[in-house]
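Engineer: Starting from the given sequences, assemble the full structure and let the hints guide the process.
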Amino acid sequence: MKFVIEHLQKKFGGKEVLRDIDFTFESGKIYGLLGRNGAGKTTLFNCLNRDIKADGGTFWLEENGVRRVPEAGDVGYVLSTPTVPEFLTGREFLKFFLDINEKSIKNVRPLDEYFEYMGIAADDRDKLLKDYSHGMKNKMQMLVNIIAQPNLLLLDEPLTSLDVVTSEEMKKLLRSLKAGRITIFSTHIMDLALDLCDEIVLLHGGVLENVDKENLDVGEFKDKIIAALTEETDE
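Position 201 of the sequence shown, counted from 1, bears residue number 201 in the numbering used here, the numbering being contiguous throughout.
Keep in mind that the hints were calculated from the coordinates and are not lab data.
Possibly wrong hints are sitting among the right ones.
What the hints assert, rightly or not - SDA-like cross-link-like pairs, simulated, lysine to any residue; straight-line CA separation at most 20 Å:
| id | residue 1 | residue 2 |
| --- | --- | --- |
| 1 | Lys130 | Phe97 |
| 2 | Lys2 | Lys103 |
| 3 | Lys53 | His7 |
| 4 | Lys222 | Asp212 |
| 5 | Lys137 | Arg125 |
| 6 | Lys11 | Asp22 |
| 7 | Lys224 | Asn210 |
| 8 | Lys2 | Asp22 |
| 9 | Lys137 | Met118 |
| 10 | Lys29 | Leu194 |
| 11 | Lys95 | Leu143 |
| 12 | Lys103 | Ile147 |
Owing to the predicted nature of the structure, the values given are computational and were not obtained by experimental measurement.
Structural biologist: This is how it looks when you write it as structure tokens:
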């Protein structure tokens with residue numbers, strides 16, 4: 001399966017944030033979307049999730065030569081700031097999500113199995129989500145996207161504010177889930193992208209550029225990325 005973007009564009013007033021996005025993503029890989037703060041990573045994700053309308057271009061999923069426009073269930077989007085219904089408990093939220101998606105979710109498991117899978121302690125499962133830590137809210141947001149099994153998973157800086165233990169748990173989880181889906185992980189932290197991702201894609205100057213790390217050691221690869229991102233500032 002592939003996810004193809006062609007000539008995607010987005011402006012805000014006179015500022016051209018996405019100039020001409022052309023890229024093909026393949027399933028089974030985690031792509032690190034690396035860019036400076038304000039480069040347009042979240043804008044790109046919002047366009048792909050149709051939260052905002054692009055000014056031009058198109059994108060589609062392709063499998064066995066057949067193209068189709070992504071439907072709502074094809075795309076999962078984990079925001080940098082977790083968005084969960086804080087008036088519900090973790091258990092109530094999970095049950096509600098399973099109930100409203102019962103026709104599309106296969107092999108539904110007991111609720112506690114899902115919590116155990118994400119490492120959420122038994123004492124926390126019946127607490128209100130408003131009392132969850134940032135990391136626990138992030139786990140709940142990730143959990144519902146895992147259950148939904150989208151073909152395209154967009155992760156907008158999901159690990160930036162997590163503690164070291166939770167961050168390592170989430171990285172391990174993402175690696176175990178990459179088969180059969182396309183995962184795009186945005187970050188402005190280079191070492192995180194190099195540690196987690198199979199491919200590195202730079203967003204700078206309003207376009208996407210793949211950075212080939214073959215035959216480069218880590219130091220050379222970092223220098224190449226910094227040089228590319230510095231060129232944008234100089235321009």
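Engineer: Would you mind marking each hint as holding or not holding in the structure?
Structural biologist: Outcome of the hint check:
no.	hint	in the structure
1	Lys130 / Phe97	holds, 17 Å
2	Lys2 / Lys103	violated, 25 Å
3	Lys53 / His7	holds, 14 Å
4	Lys222 / Asp212	holds, 11 Å
5	Lys137 / Arg125	holds, 12 Å
6	Lys11 / Asp22	holds, 16 Å
7	Lys224 / Asn210	holds, 12 Å
8	Lys2 / Asp22	holds, 13 Å
9	Lys137 / Met118	holds, 11 Å
10	Lys29 / Leu194	holds, 13 Å
11	Lys95 / Leu143	holds, 12 Å
12	Lys103 / Ile147	holds, 13 Å
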